[in-house]
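*Asks:* Spelled out, the chains give:
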Amino acid sequence: MELSLCESGWFAAGSAFPLSCIHTSTSLQKLGKWEKKNRIVYPPQLPGEPRRPAEIYHCRREIKYSKDKMWYLAKLIKGMSIDQALAQLEFNDKKGAKIIKEVLLEAQEMAVRNHNVEFKSNLHIAESLAGKGHYTKRIRLHGKGMFGIMKIVKCHYFVKLVEGPPPLPEPRKTGFDQAKEYVQQLRSRTLVHTL
Amino acid sequence: MGISAAPRQHAVAMESLLRPPRAVPAFLVVPVRTKRRLFVPEWARELPHEEKEKRLQSLIRTLPEERMERTFYLACTASIIDPYVPPEGDARVTSLSKEGLKQRMEKLKQTAASQLALRKVKDHDPNFSTKTFPEVAQEIYVEAHNSLANFNKQKLHSLVTERCYPDMVRGNRYKTIRWSFVESLEPPRVVHVRCTSVVNQGNLYGQVTVRMHTRQTLAIYDRFGRLMYGGEKLPKDVLEYVVFERYLVNPYGTWRMHGKIVPEWAPPKDPIVKTVMIPGPTLDPSQEYEEMK
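Order-wise, the sequence lines are chains L and V. First residue of the first sequence? That's 24 in my numbering, and the numbers climb one at a time after it. First residue of the second sequence? That's 478 in my numbering, and the numbers climb one at a time after it.
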C-alpha cells in the first residue's frame, strides 16, 4: 500500500531522464566451453619445433533431433577427412546428416578465413560428439482420458577439425600376433618363492 | 521489489501493533490523471480561426521545449584533411646528385597553406616548433607500435586517435605481433601542416604530416604460433608519411597518431606465407574449365 502511494507520487512529479539507448551488456548469451576453445592463443613457435597443426572447434546448439540418433552420424564421421565426411553425409538419408553437413562447411570456412588454414581439404575430423540439449515437456493425449508426458528432444553437435591428413587406423590384431603374445607370456614365466 | 513474502508479513503485523486501527481507511487512493495537453479556456473556444492561430503561436513560445538531447564529444576528425602528395621518387634518388639535394632542401616554407596552419597551431600551442616536433613524433610512433605488440589498450588509446585505432587493431585479437624499431635512416622532418574546424567555426583540429625513413622488423604469428608474415630478424626499410593530429582547442590535448599516407609509387609489400585460393568461374555440370579458356 505504501509502495503504491510512493510510486504514484513519483510519477506525478514527472521524470526528466532522457532516453539514451546504450547497450551496457557485452554479450547477449553465455558462451559455452566449446566455443571458448577457439580463443586460446599459443606462444610463437621456435624455428626448430615441428609445425603445430591448427585446431578448429565448432558446434551447433539446440538442434531439433534426438541425441541418440545424432550419435550414429557423429560416430560415422569420426576420423574421416573432411571431404570424405561431406561426401558420406550428402548421400545419407537421415535428417541430422544435412545439419551436420552445414556445420562442417561452416567450420571449414571459419578455418580458412580466421584460423590461418592454408588448404581447406587438408582437414580431418578429430572429435565429433552429440550432446543433450534442453528438453521441454508436453502432454500427449491418449484414449480414455489418459495422458502421457512427452519430451520434445533437442541435441547439440560438436566437432573438432585438425589440420593434416587423417590418422591411419590401427591395424587389427591378427591371430598370429595373438598366438605370438601367448607364447611370449608362457616363456616369460619364472618360478617364485623358491630357492 | 526485492522484498520476500515472509518478512513482509512480519512488517505488516508489526505496523498493525504499533498503529491501532481507526476509522481512517487503510489506504488512500490518489487519482492520477494524464498530462494536460492542449487546454483552451471557455472564452477562447469560439474565436475566429485567425485569432485561435495567434493564441496557439503565443502559447508555443511559452511552452518549455523538451528536446531529447545526447551530447557527444569529437576527439578526432574522420579523415586526413588535404592529404600530402609525396613527390615521386622520394628516397629513390641518392642525396649526392642535384635532384637529391633539391629534395633535401625542400623546406616547409614553400606552401602558404602550411604556413597559415602552422601559425594557427602556434597560437594554441606556443611550444610547438617544426624542429623539435619530429623527434617527439617518432617517439610516439615507436611507443604506439610497442603497445600494439604488447596489446596495451589503454596506452594505445592515449597515443593513437580513434580513427586510427581500428585500422591498427583489426584482425589482431588472436595473433601475436613482434615488432621492433632498429634505427632511423634519415632524421624525420615535418612536411605538411593543416588545420580544420569541424561542425562549428573555431573547433580546431591540427594535422601534421611527418616523413619518416626507418628500419623496422615485423613478425606476425597466428593463433597457433606459426609465422604468418615477415621475420624477426629481417629488417626492412620503410618510408612513411605519418599524420599526427591534435585537438587544439582542448588545453589538455596531445599529439596522437592519426593515419598514414601510402604513395602509389611505393614498392609492393611482401606476399604472405600461405597460399590463397581465388574461386574460379561457376560452371555447369556439362562444361569443363579448359573449354572455357
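Hints listed in this document are in silico derivations from the structure and should not be mistaken for laboratory results. Among the hints, a few may not be true.
[As the list claims (entries may be wrong)] Derived BS3-like pairs: lysine-lysine, alpha-carbon spacing no greater than 27 Å straight-line:
id, chain 1, residue 1, chain 2, residue 2
1, L, Lys59, V, Lys751
2, L, Lys53, V, Lys630
3, L, Lys59, V, Lys746
4, V, Lys529, L, Lys60
5, V, Lys630, L, Lys183
6, L, Lys143, V, Lys652
7, L, Lys60, V, Lys652
8, V, Lys751, L, Lys53
9, V, Lys630, L, Lys60
10, V, Lys630, L, Lys59
*Asks:* Failing hints, ascending?
*Replies:* 3, 4, 5 and 8
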